[in-house]
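Q: Since the structure of chain A is provided, determine the placement of chain B on it from the hints.
Chain order of the listed sequences is A and B.
Throughout the first sequence, residue numbering follows UniProt numbering, covering 1 to 378 in sequence.
Throughout the second sequence, residue numbering follows UniProt numbering, covering 1 to 421 in sequence.
Please keep in mind that the hints were generated in silico from the structure rather than gathered at the bench.
Predicted, not measured: the structure shown is a model, and the values here were computed from it.
The beta-carbon is built from N, C-alpha and C at its ideal position, and this holds for glycine as well.
Do not take every clue at face value.
[Unchecked claim] List of simulated lysine to aspartate or glutamate pairs, EDC-like, C-alpha gap at most 20 Å:
1. A/LYS261 <-> B/GLU324
2. A/LYS188 <-> A/GLU198
3. B/LYS271 <-> B/GLU324
4. B/LYS375 <-> A/GLU301
5. A/LYS327 <-> B/GLU370
[Stated by the list, open to error] Not everything, but these chain B residues come out facing chain A in the computed CB check (under 7 Å):
6. THR196
7. ASP335
8. GLN337
9. LEU359
10. SER360
11. ILE361
[Said to hold, decoys possible] Okay, the calculated beta carbon distance ranges per label pair:
12. B/LYS213 <-> A/MET81: 48 to 56 Å
13. A/ARG277 <-> B/VAL377: 56 to 64 Å
14. B/VAL377 <-> A/GLY216: 52 to 60 Å
15. A/HIS114 <-> B/GLY336: 38 to 46 Å
16. B/LYS179 <-> A/VAL309: 47 to 55 Å
17. B/ALA222 <-> A/ASN209: 40 to 48 Å
18. B/TYR362 <-> A/ASN209: 21 to 29 Å
19. B/THR379 <-> A/ASP251: 29 to 37 Å
20. A/ARG277 <-> B/ASP351: 24 to 32 Å
21. B/GLU216 <-> A/SER212: 21 to 29 Å
22. B/ASP351 <-> A/GLU157: 29 to 37 Å
23. B/TYR63 <-> A/VAL309: 45 to 53 Å
24. B/THR379 <-> A/GLU314: 48 to 56 Å
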Amino acid sequence: MKFEIMRERLLDGLNDVMKAVSSKTTIPILTGIKLEVTEQGLHLTGSDSDITIQTFIKAEENGEQVIRVIEEGTIVVQARMFNEIVRKLPTSDVEIEVNEQYQTHIRSGKSEFHLIGLDASEYPLLPEIQDDRQFVIPADLLKSIVRETVFAVSTSESRPVLTGVHWEVKNGELVCVATDSHRLARRKTTLEQLPEGEYSVVIPGKSLNELSKIIGDSSEPVHIVMTQQQVLFKTSDVLFYSRLLEGNYPDTSRLIPNEYKTTVTVNGKALLQAIDRASLLAREERNNIVRFSSLEGNVVEISSSSPEVGKVEEEIQATSIEGEELKISFSAKYMMDALKAVDGQDVMVQFTGAMRPFILKSVHDDAILQLILPVRTY
Amino acid sequence: MTDIKRNKSRIIFHIDMNSFYASVEQSYDPSLKGKAIAIAGNPKERRGILVTCSYEARARGVYTTMSVWEAKRKCPELILLPPNFERYRIASRAMFDLLRTYTKQVEPVSIDEGYMDVTEIDSPMTALQIAADIQMRLKQELDLPCSIGIAPNKFLAKTASNLKKPMGITVLRKRDIDKVLWPLPVLDMHGVGESTGKKLNSIGLNTIGDIAKAEEGILKEALGKNGIRLKNRANGLDDRIVDPDSVYDTKSVGNSTTLPSDETDLMELRKVFQTLSAKVANRLEAKRLAGPTVSIQIRDADWRNSSRSQSFRNLVYEKDKIFEVAWSLFTKNWDGQPIRLLGVTVSNVVDRVDFTEQLSIYNFEEHAKEEPILKLVETLQSKFGKDMITRGHTQVRKPTYESKTSFSNDFLDDHKDRENK
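Here chain A stands alone, though its shape is the one from the complex:
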């Protein structure tokens, strides 16, 4: 195997696949990345067995030669080491050559590294995925779907399935739900080019976070293929595979009430800032609780107190308050997370009781819905 490549392009590709490489892997060969060069270009693959990322660097792009392939071949090299070396090479071109016994030479200008590589046939094959059932989402939309839901996944392993986001394709819609059992984020997206049939998978939150780091902000289409064990996100030059979480995702649809006793419409930004101020008095997260009370004249009172620190009260003007009077306590952090996820100026907060979940959504549409379980005070 022998080829020359523009260093910048190699670095870009490495940057993406390195996101899948973990130093904590139990499979030794996965500390490496696989390089496979053909006449068409270079494939780079990195994996931690949960996530596998493959990028493709075309030999020729827009008439510009990126890679000069002298001899095709494959090799696995130590990921961190290789990445650091390429990063620090002196010139803008890199030559990579593999001799017998996986001896890998990396040359750039007058610098030459000899790395001992590994047999690429030992490297796990990419998951086999039949891509006859797929749908497409623009990259920028996919990123915002992830951003609006993934923050709500559980960080505790006590219910592993809750560390993922539930993706369900049904009736022409993609519904993504994340919950840590204390709050829930739901994002509905109407899809064009829907596949036949229904899908229901749970994608690890960590995978989605990595995914959104490597897909661009463009409207480039991302093809999504779901199978029993894997999900594949495919762009023109990246394949992103993730393992799915096993186990039954709780039925969250029953949590979202059909009727509400109190509906408050308020400027989201004003509410966010008031909650942020009220939470200043809470020293630890566990006590980071604010109280929300509806008053006369479309006024909402936000208050918080901490026994040894002091207390704070603030009134904000709501656009409207309909229904029963209400006093409810909740986590300031959950409320702020939710308000940040709901775009738009005015938000609608709807309650059914002090011990029941309440929801937040934009007044304009309910594509994004945030649900929060209150805090009971004794």
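A: Below, chain B without anything else, positioned relative to chain A:
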């Protein structure tokens, strides 16, 4: 105020009841007097480690923490009694009540020992006379022997009471520490246990005098802050005040048990954790407490001790939750070694009166059932004031003694209740 007090030289007593449980049994049944008796957790099982024994038994080489069969071998006529904690509580309470007839400055530290600050006692008697009077009255009125240490601070008083047992009264002055304290091995120092002792020996410190003269830096390196504290103590310095209110600072509630045999069976261990979790939950319930941290203690057959803990956003108090956490901590950390002792503790506990609970999608419906009554209470409170009506269970403190372990601090509740009567 306290600063002024602190500058003045103080007179602190440490009252240490002599083989308390055995003495209580002897006073309860005088036919046991003069005999070798011992209290064992459960005389029939190996958990029958001696909790305490009478001085007559000690004379025969029997000591606390010895196993039952070993004690029986050394002293075949040893009379073994099961513990009767209710009896000890009553005696303990009577003992502290007697101490409080001298001064309010009484700080119980365990069921059978406490500190008194007698500096400001308005009495014509000298400190030594007061101590003699206390000792005599405890003997005459309660039929219980004790040793009393008299010193200018808690550490020295504790050290002093330990110097002469039973029925001793020992004065330890600061100027005497080089003769009395310094020649003793480090393990005799209050606050130095087995592991600290080993660390001290490993840096060449063998006597309390060695600690007193050691470089601060060396001690700090080996033992951290505790090293500095030990050096101060070894030099007779200790500025802790006698705090009658320290009994209010319950910080953790835990239970542990020695297993009848070294155990490796997962199902048996699981049962033990279920029992321990239930006990801890019951005690938390009895005291209306809850805490955010659950920890487990493990001692294996080789006496290797380890502990693991996990903290939560919500306060924990339910049996099932405690068990779930304890069991997952255990299964994640157990290396398959036979287990000798297991413990479960909920710590950083606070009163449930000012506690909050983040509801979850799994439990909100139960809470929602109470909404109507809560709403009613709230309406009444806003009309008539917050104290006019509160939920019943937040006030009641059941006087139950759930704990049957000797190292439980539940007896301290007796002292808290005292205020309410």
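Q: Output the indices of the hints that this structure fails to meet, ascending.
A: 1, 6, 7, 8, 13, 21 and 24
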